[in-house]
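Student: Sequence:
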Amino acid sequence: MNDQQKRDVIFNKVWQACDTFRGVIDPAQYKDYILTMLFVKYLSDIRKSKVAELEEKFKGDKTRIERALSRERFLIPEIEIRDGSGNIEERFAATFESLYERRDRSNIGELINILLEHIEDANKAKLHNVFRNIDFNSEANLGQARQRNTRLKHLLEDFVDLDLSPESVGHMDIIGDVYEYLIEKFAASAGKKAGEFYTPAGVSETLARLVAPEAGDRICDPACGSGSLLIRAGKQVGSDNYALYGQEMNGSTWALCKMNMFLHKVDSARIEWEDTIRAPQLVEGDALMKFDVVIANPPFSLDKWGQEIAAGDRHARFQRGIPPKSKGDWAFILHMIATAVEGRGRVGVVVPHGVLFRGGQEGKIREAVIRENLLDAVIGLPANLFFGTGIPAALMIFDKSRKFKGNDPVLFIDASREFESGTNQNRLRPQDIDKIVEMFRAKKAVEKYSCLASFAEIEENEFNLNIPRYVDTFEEEEEIDIVAVQKEIDEIEKELAETRKKMEGYLKELGF
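In this text, residue positions in the sequence shown follow numbering that gives the first Met the number 0: the first is 0, and each later residue adds one.
No wet-lab data here; the hints were simulated from the structure.
Treat the hints with care, as some may be off.
Unchecked claim - 30 angstroms max Cα-Cα, derived DSSO-like pairs, lysine-lysine:
1) 264 x 12
2) 434 x 447
3) 289 x 5
4) 56 x 5
5) 184 x 289
6) 289 x 442
7) 447 x 402
Just so you know, these numbers come straight off a predicted model, no measurement behind them.
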């Protein structure tokens, strides 16, 4: 079974689990319950696989097995349930199997909460506060006791046959893949309503390759979502010699990111929960932390992004200008530029096309950034790539190694016409990504695809970065041979006249 077939098996089970919650909670909340239980199943299957390996290695010696398990990178603790007098009623491991065995209990929601609390406490350095936003015993979300118990029993039964052991799933991005699947299935509500525009794998791959993280780099995503873009960027290094940092405002999405990092063994990742613009948490002393690579897919044109604090921002992120209250795109870009290391930092950001040409304050900020010679490339992507919105997006690449106030050209790429068309979403194919990356590295102009625009040309266009101003994709219509067309019309009319004559003969023979 290949990776896609394995994903399909998991997705089918997840879809069954969605049926458990349909009509009960908002689709935006499905992922909280489904992905958390998937996380527990994943940990349990990894442990089961490890126990089998150790039993063979130590020939069933329980003491040596337990000692080895205590040194694993994550711990599965024992749970003790006590009665009102403090006596132990039962003891069991904090695993999915333990929950499944107790699926008919009247307090199954409470047991799940207890299990999550024990897993968090046993792995506090990695999972501190991750489960505080999720309540499997919530009457408000999951209904009264009988209904709640039935739904949770079904959820456990949906996942019991899934094999998420390392031997089965390999290096698949379980949390990221299922999160993407849920956002795709419920894009109108689970994604758009929650303000979460998940970055599709093709876009993440393109952006990660364009900023090209290197060994030893500190990589940051200030709007990290579930963390898949950060993880993909880290993988570009080709070793474990990198550090990941992120910040996310949505509590449940922050929790998914922490779980995602945990499952990908990026235990040192620092992921903060707060509003990046109003309260940046990635700081050293009183200053913003600096990163070699900063990447993000921030919320498009965010309203009420924090303009009220911009003028007095103690990190001076908005010295080039304050973006409009209802359009937070440049607020995120300016934050990203401010946190990139001077002299070598690279920034890659997904933006709506309006960022490239809107006037007013955005136009002034754009001009200031271009005059400083920070902008390296603008890449137009195909429409309908993102779940929950058909808005076409672009990638902007900034590079702090460019000479300050120099006159380096800016590369424009129009990659909007090369993609795989899908029923609901379009996708970037591997060859489309390769072409974008190769063109970016070569920095060359190719007719109807890319252009190297000089500062003078951009200045002449009043710092408008609308891609069609630089990449001419106009296709001339084939010249029409009027004489040949008229001759063809004459032939058709002649054939039509002969056909009518024959028809009249047939009608006379029939007496009409």
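Student: Quick one: which hint numbers does this structure break? Sort them smallest to largest.
Tutor: 3 and 5
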